[in-house]
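Work out the full structure, taking the sequences as your base and the hints as a guide.
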Amino acid sequence: MEHYFQKDIECASREEIVRIQNEKLVEQVKHVWDHVPYYRKKMEEKGVTPEDIRSIDDLHKLPFLSKTDLRDAYPYGLMGVPKDECVRIHSTSGTTGKRVVAFYTQGDVDLWEDCCARAIMAAGGTKEDVVQVSYGYGLFTGGMGIHGGSHKVGCLTLPMSSGNTERQIMFLQDLGATILCCTPSYAAYLGETMKEMGLSPEEIPLKAGIFGAEAWSEEMRRDIEKTLGIKAYDIYGLTELSGPGVAFECSAQNGMHINEDHFIAEIIDPDTLEVLPEGSQGELVFTAIDKKGFPMLRYRTKDICKLTREKCSCGRTHVKMCKPMGRSDDMLIIRGVNVFPSQIETVLLNHGYQANYQIIVDRVNNTDTFDVHVEMTPEMFTDNVSEIRKRQADLVEGLKNMLGIKAKVTLVAPKSITRSEGKAVRVIDNRKI
Amino acid sequence: MSVKQVSVFVEDKPGKLNEMTQVLAENKINMRAVSVAIADGFGIIRLLVDDVYEASTVLKDAGYVNKLTPVVVAATSDAPGGLNQILNVLTEAKINIEYMYAISGERKTDKAYMVFRVNDHKAAEAALTKAGLTVLSGEEMSEI
Numbered sequence: 000m001e002h003y004f005q006k007d008i009e010c011a012s013r014e015e016i017v018r019i020q021n022e023k024l025v026e027q028v029k030h031v032w033d034h035v036p037y038y039r040k041k042m043e044e045k046g047v048t049p050e051d052i053r054s055i056d057d058l059h060k061l062p063f064l065s066k067t068d069l070r071d072a073y074p075y076g077l078m079g080v081p082k083d084e085c086v087r088i089h090s091t092s093g094t095t096g097k098r099v100v101a102f103y104t105q106g107d108v109d110l111w112e113d114c115c116a117r118a119i120m121a122a123g124g125t126k127e128d129v130v131q132v133s134y135g136y137g138l139f140t141g142g143m144g145i146h147g148g149s150h151k152v153g154c155l156t157l158p159m160s161s162g163n164t165e166r167q168i169m170f171l172q173d174l175g176a177t178i179l180c181c182t183p184s185y186a187a188y189l190g191e192t193m194k195e196m197g198l199s200p201e202e203i204p205l206k207a208g209i210f211g212a213e214a215w216s217e218e219m220r221r222d223i224e225k226t227l228g229i230k231a232y233d234i235y236g237l238t239e240l241s242g243p244g245v246a247f248e249c250s251a252q253n254g255m256h257i258n259e260d261h262f263i264a265e266i267i268d269p270d271t272l273e274v275l276p277e278g279s280q281g282e283l284v285f286t287a288i289d290k291k292g293f294p295m296l297r298y299r300t301k302d303i304c305k306l307t308r309e310k311c312s313c314g315r316t317h318v319k320m321c322k323p324m325g326r327s328d329d330m331l332i333i334r335g336v337n338v339f340p341s342q343i344e345t346v347l348l349n350h351g352y353q354a355n356y357q358i359i360v361d362r363v364n365n366t367d368t369f370d371v372h373v374e375m376t377p378e379m380f381t382d383n384v385s386e387i388r389k390r391q392a393d394l395v396e397g398l399k400n401m402l403g404i405k406a407k408v409t410l411v412a413p414k415s416i417t418r419s420e421g422k423a424v425r426v427i428d429n430r431k432i
Numbered sequence: 000m001s002v003k004q005v006s007v008f009v010e011d012k013p014g015k016l017n018e019m020t021q022v023l024a025e026n027k028i029n030m031r032a033v034s035v036a037i038a039d040g041f042g043i044i045r046l047l048v049d050d051v052y053e054a055s056t057v058l059k060d061a062g063y064v065n066k067l068t069p070v071v072v073a074a075t076s077d078a079p080g081g082l083n084q085i086l087n088v089l090t091e092a093k094i095n096i097e098y099m100y101a102i103s104g105e106r107k108t109d110k111a112y113m114v115f116r117v118n119d120h121k122a123a124e125a126a127l128t129k130a131g132l133t134v135l136s137g138e139e140m141s142e143i
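Here the protein sequences come in this chain order: A and B.
Take the first sequence: its letters are residues 0 to 432, numbered as in numbering that gives the first Met the number 0.
Take the second sequence: its letters are residues 0 to 143, numbered as in numbering that gives the first Met the number 0.
I should point out that these hints are in silico values taken from the structure, not numbers from a laboratory.
Quantities reported herein were computed from a predicted structural model and do not represent experimental measurements.
Possibly wrong hints are sitting among the right ones.
[To be verified] Heads up, incomplete: computed chain B residues facing chain A, CB under 8 Å, no partners named: (1) SER6; (2) PHE8; (3) ALA38; (4) PHE41; (5) ILE43; (6) VAL64.
Glycine residues also receive a C-beta, built at the ideal position from the N, C-alpha and C atoms.
So, in structure tokens, the structure goes:
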């Protein structure tokens, strides 16, 4: 049976959703015009006033915001209410430069937690469940967002945070968590550690996992589902928009419903910046229509994906986004070819390796070098050198078929690639361009 | 009959072999023979040790991927033509050798020992025994 946290809105008719969006957008644009001088200036430069925005059909008239704007306006330049109306700050991990800080009013926290609660219930969660939150707590949105959502559903919530893997597994066993929330790479690591400890998935009551905050492939999903004996659900979000729960997967497990009563999604061509028709692949742009502390209008996520309004078997009506092909931030251009780490992961898993890899890019004599380090596993090891080399060659071939360029594959010792308990460092780009 | 060899994956980098032998030394594992095969960026270290299961376990615990592989250990006289004699038998029996290495025997026993990884170790052992050559068991291995 499908569970909903807010069925009326999650299953509302398209007309009802559009009505809500129109109303909230008009109000939000006025609010931003009045309270965020940084964005008002951008609107003025484009010759747009709040009067021009009468419905979501006018959304395309508004200027974009990007990570650059966030850095320029750092720290308080995009705050949408006086400081004393805000109750919390979160921040990005700052992997791609300066940290982004975001502000939340109590209302913003509430709507964010509602989104997370919807995600937990869509993954089959009810108040009967024990939720182990192994996302990091603190500035990172993962821990506290899901934590709040879990409270709203009424689940028994374990604020584990990340790290201390053996204790995580002990608690999964002893306290009988039924839902695990963490990054997919940490879920895979927990599964791997359990296997090493000789613990089979049947020995823990875990039934579902909600994994997000980094890109992961379908193959990795199957892998995690098998090693942990669960259903693994994807969740999507950005600190700029609140955190996890902007979109979440339902029982259909084929795309994430975007919470359209809070966020309007558009797909644009990242080069021309034109809005693309439904079903096109392009960059995902979000407008937060009721968040007040940090009201992002037309925020460019850099995530490349597609939207679909096809009827979903779960009964929810909100638009679905596919798993992002990769963040255009993560995308590497190697020898002129676009390479997403998630593609490499897919090839590895298809060839029997685990998703423990690192991509090392450098430039030697004006040519890009492209090395993929892959950890040897007991399953892939044999005493026969030529067999290992053959498998290595098959992997090179598989990568070439997927990416169109040749990589040098180096087999490295197990556990030699640094495991992160938050996000995995998959790419080392040593090119000085 | 066959002897179990421990095959270990190591990276082809300075110090990596030493890190592995350190694990063996700390756990008081005695090596009877060792052979190294190096490929593109990695190596396979093949070991004959006094306690196969102990060696395999301590290596695994130290994070080394390893496998037990059956090998044939044949004894021959420590004299010219000794290896040739074994190879004659294997050729006759149409056994394919994947690799081989020697165990340094003791001079006083007048025996030399060769380790073979072959496509069919049972057939190889049968052929060698039939030809009157000595094939060692795991137990006998630990006595040489």
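Measuring from the C-beta of B:SER6 to each C-beta in chain A, is the shortest one below 8 Å?
OK, holds: B:SER6 within 8 Å of chain A, min 4 Å.
Does B:ALA38 pass the interface check with chain A, least Cβ-Cβ distance below 8 Å?
Check passed: Cβ of B:ALA38 comes within 5 Å of chain A, closer than 8 Å.
Is the interface hint satisfied for B:ILE43? The criterion is a beta-carbon contact with chain A at less than 8 Å.
Constraint on B:ILE43 satisfied, holds at 6 Å.
Quick check on B:PHE8 please, does its C-beta sit within 8 Å of some C-beta on chain A?
OK, holds: B:PHE8 within 8 Å of chain A, min 5 Å.
Please check whether B:PHE41 passes as an interface residue: C-beta within 8 Å of a C-beta belonging to chain A.
B:PHE41 check passes; min Cβ-Cβ to chain A is 5 Å, inside 8 Å.
Grab the minimum C-beta distance from B:VAL64 to chain A and call the hint holds if it beats 8 Å, violated otherwise.
Since the shortest Cβ distance to chain A is 5 Å, the answer is holds.
Checked against the numbered hints above, the structure violates none of them.
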